[in-house]
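Following the hints, position chains Y, A and C with the ligands against chain R.
Going down the list, the sequences are from chains R, Y, A and C.
Quick note: the first sequence uses the numbering used here, first residue 1, plus one each step.
Quick note: the second sequence uses the numbering used here, first residue 1, plus one each step.
Quick note: the third sequence uses the numbering used here, first residue 1, plus one each step.
Quick note: the fourth sequence uses the numbering used here, first residue 1, plus one each step.
The hints are all genuine.
Computed cross-link-like contacts, DSBU-like style, restricted to lysine-lysine with a CA-CA straight-line distance of at most 35 Å:
1) K215(R) with K31(R)
2) K24(Y) with K115(A)
3) K31(C) with K31(A)
4) K180(R) with K215(R)
5) K31(A) with K180(R)
6) K215(Y) with K24(Y)
7) K24(R) with K31(C)
8) K31(Y) with K115(A)
9) K24(R) with K115(C)
10) K115(C) with K31(R)
11) K115(C) with K215(R)
12) K215(R) with K24(R)
13) K180(Y) with K215(Y)
14) K31(A) with K24(Y)
15) K215(Y) with K31(Y)
16) K31(C) with K115(C)
17) K115(A) with K31(A)
18) K31(C) with K180(Y)
19) K115(A) with K215(Y)
Quick caveat, the hints were computed from the structure, so don't treat them as lab data.
Single-letter residue listing:
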Amino acid sequence: MAEVIWGLATSHVPSIGAAMDRGKSDDPAWKALFDGYAPARAWLAEHRPDVAIVVYNDHANGIDLDFVPTFGLGTAERYDVADEGFGRRPVPDVVGDPELSFHLVESLVDDGFDLTIFQELDVDHGFTVPLSVWTPDPGDAWPCPVIPLLVNVIQYPQPTAARCLALGQALGRAIRSYPKDVTVGVLGTGGMSHQLAGTRAGFINPEFDAFWMEKIETDPAALAALSREELIRQAGSEGIELIMWLIMRGP
Amino acid sequence: MAEVIWGLATSHVPSIGAAMDRGKSDDPAWKALFDGYAPARAWLAEHRPDVAIVVYNDHANGIDLDFVPTFGLGTAERYDVADEGFGRRPVPDVVGDPELSFHLVESLVDDGFDLTIFQELDVDHGFTVPLSVWTPDPGDAWPCPVIPLLVNVIQYPQPTAARCLALGQALGRAIRSYPKDVTVGVLGTGGMSHQLAGTRAGFINPEFDAFWMEKIETDPAALAALSREELIRQAGSEGIELIMWLIMRGP
Amino acid sequence: MSTGSGAGRRDLPGTPIFDGDTSRRGLRMNKLFMSLRDAGSRERFLADEAAYCQEFGLTAEQEQAVLDRDWQAMIDLGGSIFYVYKLAMMDGRSMQYLGGVFTGMGEENFLAAMKAGGRRDG
Amino acid sequence: MSTGSGAGRRDLPGTPIFDGDTSRRGLRMNKLFMSLRDAGSRERFLADEAAYCQEFGLTAEQEQAVLDRDWQAMIDLGGSIFYVYKLAMMDGRSMQYLGGVFTGMGEENFLAAMKAGGRRDG
Ligand SMILES: [Fe+3]
Ligand SMILES: [Fe+3]
Numbered sequence: 001m002a003e004v005i006w007g008l009a010t011s012h013v014p015s016i017g018a019a020m021d022r023g024k025s026d027d028p029a030w031k032a033l034f035d036g037y038a039p040a041r042a043w044l045a046e047h048r049p050d051v052a053i054v055v056y057n058d059h060a061n062g063i064d065l066d067f068v069p070t071f072g073l074g075t076a077e078r079y080d081v082a083d084e085g086f087g088r089r090p091v092p093d094v095v096g097d098p099e100l101s102f103h104l105v106e107s108l109v110d111d112g113f114d115l116t117i118f119q120e121l122d123v124d125h126g127f128t129v130p131l132s133v134w135t136p137d138p139g140d141a142w143p144c145p146v147i148p149l150l151v152n153v154i155q156y157p158q159p160t161a162a163r164c165l166a167l168g169q170a171l172g173r174a175i176r177s178y179p180k181d182v183t184v185g186v187l188g189t190g191g192m193s194h195q196l197a198g199t200r201a202g203f204i205n206p207e208f209d210a211f212w213m214e215k216i217e218t219d220p221a222a223l224a225a226l227s228r229e230e231l232i233r234q235a236g237s238e239g240i241e242l243i244m245w246l247i248m249r250g251p
Numbered sequence: 001m002a003e004v005i006w007g008l009a010t011s012h013v014p015s016i017g018a019a020m021d022r023g024k025s026d027d028p029a030w031k032a033l034f035d036g037y038a039p040a041r042a043w044l045a046e047h048r049p050d051v052a053i054v055v056y057n058d059h060a061n062g063i064d065l066d067f068v069p070t071f072g073l074g075t076a077e078r079y080d081v082a083d084e085g086f087g088r089r090p091v092p093d094v095v096g097d098p099e100l101s102f103h104l105v106e107s108l109v110d111d112g113f114d115l116t117i118f119q120e121l122d123v124d125h126g127f128t129v130p131l132s133v134w135t136p137d138p139g140d141a142w143p144c145p146v147i148p149l150l151v152n153v154i155q156y157p158q159p160t161a162a163r164c165l166a167l168g169q170a171l172g173r174a175i176r177s178y179p180k181d182v183t184v185g186v187l188g189t190g191g192m193s194h195q196l197a198g199t200r201a202g203f204i205n206p207e208f209d210a211f212w213m214e215k216i217e218t219d220p221a222a223l224a225a226l227s228r229e230e231l232i233r234q235a236g237s238e239g240i241e242l243i244m245w246l247i248m249r250g251p
Numbered sequence: 001m002s003t004g005s006g007a008g009r010r011d012l013p014g015t016p017i018f019d020g021d022t023s024r025r026g027l028r029m030n031k032l033f034m035s036l037r038d039a040g041s042r043e044r045f046l047a048d049e050a051a052y053c054q055e056f057g058l059t060a061e062q063e064q065a066v067l068d069r070d071w072q073a074m075i076d077l078g079g080s081i082f083y084v085y086k087l088a089m090m091d092g093r094s095m096q097y098l099g100g101v102f103t104g105m106g107e108e109n110f111l112a113a114m115k116a117g118g119r120r121d122g
Numbered sequence: 001m002s003t004g005s006g007a008g009r010r011d012l013p014g015t016p017i018f019d020g021d022t023s024r025r026g027l028r029m030n031k032l033f034m035s036l037r038d039a040g041s042r043e044r045f046l047a048d049e050a051a052y053c054q055e056f057g058l059t060a061e062q063e064q065a066v067l068d069r070d071w072q073a074m075i076d077l078g079g080s081i082f083y084v085y086k087l088a089m090m091d092g093r094s095m096q097y098l099g100g101v102f103t104g105m106g107e108e109n110f111l112a113a114m115k116a117g118g119r120r121d122g
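For reference, chain R alone in the conformation it holds in the complex (with noise of 0.2 Å):
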């Protein structure tokens, strides 16, 4: 049986990726996150997984408009890194488990979840930064394979909160009936509280963001209450991503 040793979540804002790959890391402007990831990556470096699971999502370079899914599952062999316009990134492209992902779709389709089964896609940095911030210096590959779980936050209606939390519970029956005895990691992806356009470009909340570092621990179920035109006031319009960490947190 598969067992979940970990659900994680950060940040994916690309320039965490891109002060990595230029060796910024230790400028002041950086020092103090990379200082405060310093724990979780000593940690995470004596608890490999034999496999991840990421959830994050797409910013306009594996899937275009032309369709838009709630939730995307990947069942290929491998993804590639996407070119977002300025080079692709310097890390490994990615390994995937297909076996695992065929057995996650049986499983959550079963379950009611209605997702969309990718067979080729190209992640881009809301998949590879995570992957940075565990594993600085992957050299020629990851640390596992890795499997992508994408969730439609940038268009609306996105999946509720609720939804989103009932997800990750499935997630997590779904791993466990799986008959290889592997360890599972989960990243959840998405910047806290954050919005791009509008005139309210810049507004974060830090008192929202420590109420949910605060739930996601203690009582999730309190987050998947929050109805959509909540959490983008609280968050912002780009903050509401926050709602893939309540996939994360469901196993």
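Structure of chains Y, A and C with the ligands alone, referenced to chain R:
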């Protein structure tokens, strides 16, 4: 408030459309079929809705297998008729109803259905044959705007029959919560028992078809209880597309 | 029937199951078949079938199956019947012809069986 | 804020909502922006911006917004910020620059506000 005024289901085998396009409806090989449709057509001509929803599946014409959405909903102003490889059918392109589409998406996503939104979509015989069955001589335009609801029936795992009925029920709620006073017709499509490949190709199960025809009217929950394997065993590997009738039956 | 399909994992004799695994194996080949909807592509394919197969990245086995019009092998190697049918259509073959191949009955007997109300199990 | 966005339908002041309606209006323009990930496309775009806009089927208003680098108009006319940003990147503009435009503060003040911990409501 919008209102569902009918739900209907029919096979969408491409030869029905071809027979009509070639004026063969009165040929001995086809007459029985079209005579069978006559009462429904007469009734439908008296009950034209303001907008229709066609629940169907694509057959390698509108989408390919790079991604496989469990449920898709179109939000376009128009949907072109696909050229499936032998020239496009001489029938009108389809006018959509984006406003109702947006309402349905919001309502269904809030209700926990993980739709994939299609902003562009060419529709194939799975969509146009049911329209032709309904309206043999559309002239320049189909009788009303039509919204496509796409279902994955060709790649295993298909959505469960229970999930399809639940989607249909949610679709009914979504339609009834639309603030405009419009009438809606829902067409479910897909053949009854049939199988195209394997040593069991040509399989037909008249007993199961009769059972299905009775229960779709009197007891759809009994059909929703059938497993994917049971449906394939009883109706053949392509007959599983009957699950689309359950979405039509839900409202 | 086909050992290559997902059928073996389920108790569905004679019934190829186009599952995730099968779809992955057949992805490039199914893309090739879908491309044949377009007249220009059909022309290019017919002008040099092997080159066209290589352009789409088919495996050697898949390419051979396509060149040989080995319909059963195409299904076994990950073809979806709806996609494989695009190639058959281009060749002027009907679904009933394919049924004759898959069942081993031949087109004529298959058609006769269908006209008589279809085939039954067992 | 923008009357063109879905924001008006919800009580979210200063916050454009990229909803289905907005996405439909912006579809062609967002496709153009996404194409700029590719160096060859950026070259073609820069060689004749108007022709490139027409190739993608932009409306006259959208074309004008792109030619004028009217970032606010692009958002109002259906642009998704993640897509619009592809054009900004090509121009060597940062997200903070765009923030300066959208807020009317200018890049410098916007950056300063972000370094001070971000902006607040009201
Ligand atoms: Fe993001
Ligand atoms: Fe069909």
